[in-house]
Structures are given as C-alpha cells and as structure tokens.
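Enquirer: Here is what each chain is made of, one letter per residue.
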Amino acid sequence: MKVRRTKFFASITLILIFMGSFTSNVIALDYSIGFRTDDQLIWKCNVCNINKMNVLFGESWKDTGLFENLSQGKRMRWDVNTIEQNSTTILASVNIWMWQYEGSWGTLDNITEFSYLKNPSQYPANFNFSTYLPFAPFWLPVPIGDYLGEMKLGNLYDVDNRVLPTLNIQVEKDFIQPNIPTDNFYIIAVYNLNGILSSFKLYITGNVVVIDISLDTIPLYVLPSTIGLISAFLIVIYLYAKRKRNI
Amino acid sequence: MIIVDLLVSVKRKFSRFWEEKIFRIAVLLHLFYYFLSIILFFTVLSEKNDFLIFYESGKIFLNDISNLYNQTYYLWDFRYFPLSALFFVPFSLIDFRLAFVLFNSLNLFLNFLIIMLIYKIIKIVRGKDHEQNDKRIILYISIYLMGVPHVLNYIYGQINLFITLFILISLLIFLSYKSNVWQFIGSFILGISIIIKPTSIFLIPFLLILHFDLEKRKLKIDFFKSFIRIFGVILPVLANFILFAAFPKLWEDFLATNFTGSNPIALNFSYSLTKLITNFCFLYNIPFNQLTILLVSVGIVGGIGFIIFVLIRRKQNSILYGYTFGILIMLLTYFDSWDHHLLNLTPLLIIIIFNLPRQTELLNYIKPSLFFFNFFDILFVGIWYLTYPLFPYNFVGTFFLILALFGVIKYCLVKKTKNVEVSIHEG
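Chains as they are written, first to last, in this note's numbering: chain S, 1 to 247; chain L, 1 to 427.
Treat the hints as calculated values from the structure; they're not laboratory data.
From a predicted model like this one, the values you see are computed outputs, not experimental measurements.
Accuracy of the hints is not assured; some may be wrong.
Simulated restraints, written as ranges between beta carbons of each label pair [claimed, not checked]:
1) S:S87 to L:E47: 34 to 40 Å
2) L:K135 to S:A241: 50 to 56 Å
3) L:E47 to S:I42: 33 to 39 Å
4) L:G303 to S:D174: 32 to 38 Å
5) L:L295 to S:I218: 30 to 36 Å
6) S:S231 to L:R16: 25 to 31 Å
7) S:E113 to L:G303: 43 to 49 Å
8) S:L29 to L:E19: 47 to 53 Å
9) S:L29 to L:S179: 56 to 62 Å
10) S:Q72 to L:W251: 38 to 44 Å
By construction, the Cβ of each residue, glycine as well, lies at the ideal position given by its N, Cα and C atoms.
Based on the sequences and whatever the hints tell you, model everything.
Expert: Rendered as structure tokens:
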C-alpha cells in the first residue's frame, strides 16, 4: 500500500514539473490569410428588402461600395489575385464581380486591395471597420477569433468568438448623418475559420431580417454529416426501443 | 471536536472508496482532467476562458461597479447577478495565472466534497430493495468523477461546481431536518447558489410545500414552511437589488445582457429547447422576440413540471424530484445550456437512480440520460460544428433532457412502478 501511495505522489510530482515547463511560454500569434491565390469566393443574397433599405438609408445606399446593385437572388464573386504579407501588413488583392443574377459573370467590375495590420493591437482604440454599409468586413486575418479579440473596436461592435467568430454590430438612428439611418438596426456577421464572412444579416426592430447574405458554397462534409447524424440518431433510438421491448 | 470527528469519518469513507479499483481509476482520470486544464491554460487558453470574465468582474466590482455589465471590458458577456462578482474579488487581487490555478484547485476540492454529499444523500434516500453495501454507490460516484463535462468545467474555469455543492447541501438539509430553522438555512443556501449563478433559479417554485391529493381531490399547502423557504431563498437574491437600486444602470444593463441583447440570437450549439427554436428562426429569417420565446418555453415546460410536482403521488423525498425538475427546466428553457452545466444535473440523476426501485422501468429514462450527459454530450458539440451551416441544432442533448424529464414526470404520476430486468451491467 505504501509503495503504491509513493508511486501515486511521484506521478503527481512529475505532472507538476511537466506543467511548470509550460508556465513561462507566452505565445505570440502569427496572423495570416485564410484563403489562397486563385481561390474563388461567392456570396449569395438570400434576402434584400429594398423598400426597407431605402427607408433606412435613402435611395443611394446601393450606388457604391460592396452593396452596389445588391438585391435578392444576386451573387457577388471574388477571385483572389495576390496575397502579400510583410512584418507589418497583410494584403490581398481580389478581382470583384459585383452583385448580379446567375449566368455568365462577364467582365470583372473592379480590382480591390484589402489590407490589415499584422498586429491587431496596433489599431487605434475605438476602431471602426467602416462607418457605412456593410459595416462588417468580408474577410479578416486568421486565427480570426484572436485577431478580433485583440482589436480595440469601437462601441458599434461586440465581438463574440465563443462559438463561431461573430461580430454583433449595433447602429443607432442618425449614426451616419441626421436621419440616416432613420431607425436603429443591428448586424450579425458570422465568419468561418478561414476568416471569410459566412453569414451577414441586417436586422431591424423585432428581429426582422432586411438583408441576408451568405457564402454560397457549403463545405462538402456538411451534407453527409447532417444525414449521418440524423440517421444514426434514429437508428440508435429504434434499436434501443426494440431491445427494451424484447426484454 | 466535531470537525475532527467529521474529518476522521470522511477519511475513513475515502479509504473505503479507495479500495475499489473503479474509484482509483476515476480519481486518476479526474486528476488528469484537472492537470490537462492547467496545461491547456498555460499553453493556449490563458486568454480564452470564462475565468477571465469572472476575474475581470471582480476587478470592476471593486473599482467601477456601474460598468459591471459594460461588455467592452470582457472577452465574453458577463451575465450573472452583480453580487456574484463579489465572490471573485479575492481572486482578482492576485496574479491572473495564479488565480486560475487556485480557483481550479478549489474546484477540484469541491468535487471531493460533492461526492461525499452524493454519498450521504444516497444513504438517506436509497430504496430498501437496493444492495445494502456501498459498492454500487462507489461505482456511480466514480462515474460522476469520470464525467467528461468536468473537462470543460476545468478548462473554462467555470463555477458550476459551486452551484452543485450548494444545491446538494440544501437538498441534504431538507432531507435530514424538518424544523423551521433548517428550512430557512436550506433555502438560504440555495439562494446563495443563485447569487453565484442563476442556474438554480427555477428550483424556487419547487420549494413550496404544495400538494394536490389525486385520490381525495384535496389541495394541501403548508403556508408557514413554504413562506420560510421562499423567504430564505429570495433573501440573498434580493441583496442584489440593493445594488440595482444604488446603480440603476446596472439593472438596465443586466436585463439587456441577459434577455434582449443580440447575444441570445446568435447561432450556437446550446442544447436548450429555446435555442433550437431561435436557431431555427435565425436560419430561416423568421422574425422573433427572444424574450417571448424564453417566456413561452418557461411557461410550457416549467408549468408542466410544476403542476406534475404538485400532483406527485409519493411525498417522501419529493424535494429531490422538485430540484431535478428545476434543473431540467433551466437546461431546457434558458438560451445557453452548455456541456459543463450538466454537472448540476448528473449528481441529481445519480441520487434518483438510488431512490427509484432497483429494477423499475423508469431507469430506462434516467440511466441512458445520465450516461449520455456524462460521456457523450460533448461529442455532439463537435458534430454541431460539422453540420451547423445546414442543420444548426444540437438536438440530441435536448432529447435526453426530455427523456429524463419524462422519467421524472412518470415517477410522479404513476401509482405503481413497473419492474423490469436491469439491462445495464454494473459489475
């Protein structure tokens, strides 16, 4: 018994020593881009209540920016041209085909460069990604949760990276200019692990969705996983119930 | 002298437990969970855990209490009653890393108190047709210690074990003592658990001594004892309202954070019924009011639970079933029910297994739920990440919560429980 107890305490001591070796490690995260050159990203607009948007922002809201020509059923395509990183900046250049209905994409609409600081803590305090639509970026460096966590974002933003990296954005009436927007609204922007916007929803009071944009491609594993989960659950319940009935 | 006697008794009991191989394995596995959490904390999770929020809340409570619910100060939302932050003040006075290790060591210690309480309560409520030796109790205590929810509880630096401890102490008091003083003490202790974390808030209605006799069709209520219990439990909770009155901003922020902010809308893997509904609404852009969904869920599930509890046919140990109803209602109806919250439920399910007849068919509802929550629930959190773009519902946990609820409801209502052969081999 005594030998056994000695062994037990020796194991605990060894684990403690092992732990001690970790205590001085401070990990500096190296942020990068979650997509590669030549990757194609397509977003689809599932809901766009144009009348409500006109009331909120005036009719010019879809004249410029990433919401140019946005309406329900349209898609926006990005082709990644180049990716550059240096000690201070992360930069991606993309060819953009703005919102259009399915069919041939035709000539690209513009080439845009997006850049982020390599060290998110270097952004100034109360930083806003944008003070106009869409308020949320379409991509962010990875690991996205840590990147968002390190930024000192303005009062508009509430970062929730506990389950899915999410930006909750609350915009009050008259924030942009007097009478724009005409009412409070909020945005829930969810990102995938590659830092790409996977869902963007703009809500007004009563949780009514005015804009819903999502990444058009669902990862390949999602459908078989869902079917597998539901089938396995039903089979297990059936077998358990059958076994119990037979006993 | 009493303390020395108590310690000697605990030591003797622990030595008895240690004689069983399964208990030794459970302790080693549990210690592994504890050390794993500390290793992960020092390597990757030092800035991503719940304890960081509690630690910050302790600091803010001391220095700038009106900003206690200003979420810009926190990694994730601080949602609990303001007095809960007071509990973390001592930890916030020391270095964060040291505070985490101390806090988790306290959690480890609490687990050993919890198993002693489980043992003590089982001894009180155990049915006459159960084995009279301790072997089976030790087996189930070991199952509790091996529970996977402990891993997340340690990793996050969570406070669920404090809730479990207070729930079990109050349960032990109610089962052991009938005097009014003890009724007050038992409910006051439950009230303290609500201050720390409101998980046990739905236990309050089940403190009422209210019974409708189905045979005689007569409603009986013990007004005085019910009043003492409700007064005892509400007293610590009301203490928070002194702070709310002194700092009105606290009250507004508390309500916004818990019920009306954007957080309850966000997609997540909570297995609560309410979350399944809000996830459905989120996915299909159905306008909804999260507070209405919460109130309707609480009204339906809580209402059913409470009515059944009033109709219970067996008055002996009914408080055990009332507590279980309360926790099940909370897990089914609050927005966020996570794997580590199950540590509030599994000890109650274990105690129920010993209170029910040894071979009753009701075990077919309770045992699978216990084993699912203890070992498999976490697996479905992982699966949720694979399916959420198409199917964001962690419904398997909900199913087992409903199964356990159904088992408890059936126990309360049936005249005589049917016996079956026990199918799970227990060594």
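Enquirer: Are there hints from earlier that the structure breaks, and if so, what are their numbers?
Expert: Violated hints (numbers, rising): 1, 2, 4, 6 and 7; every other hint is consistent with the structure.
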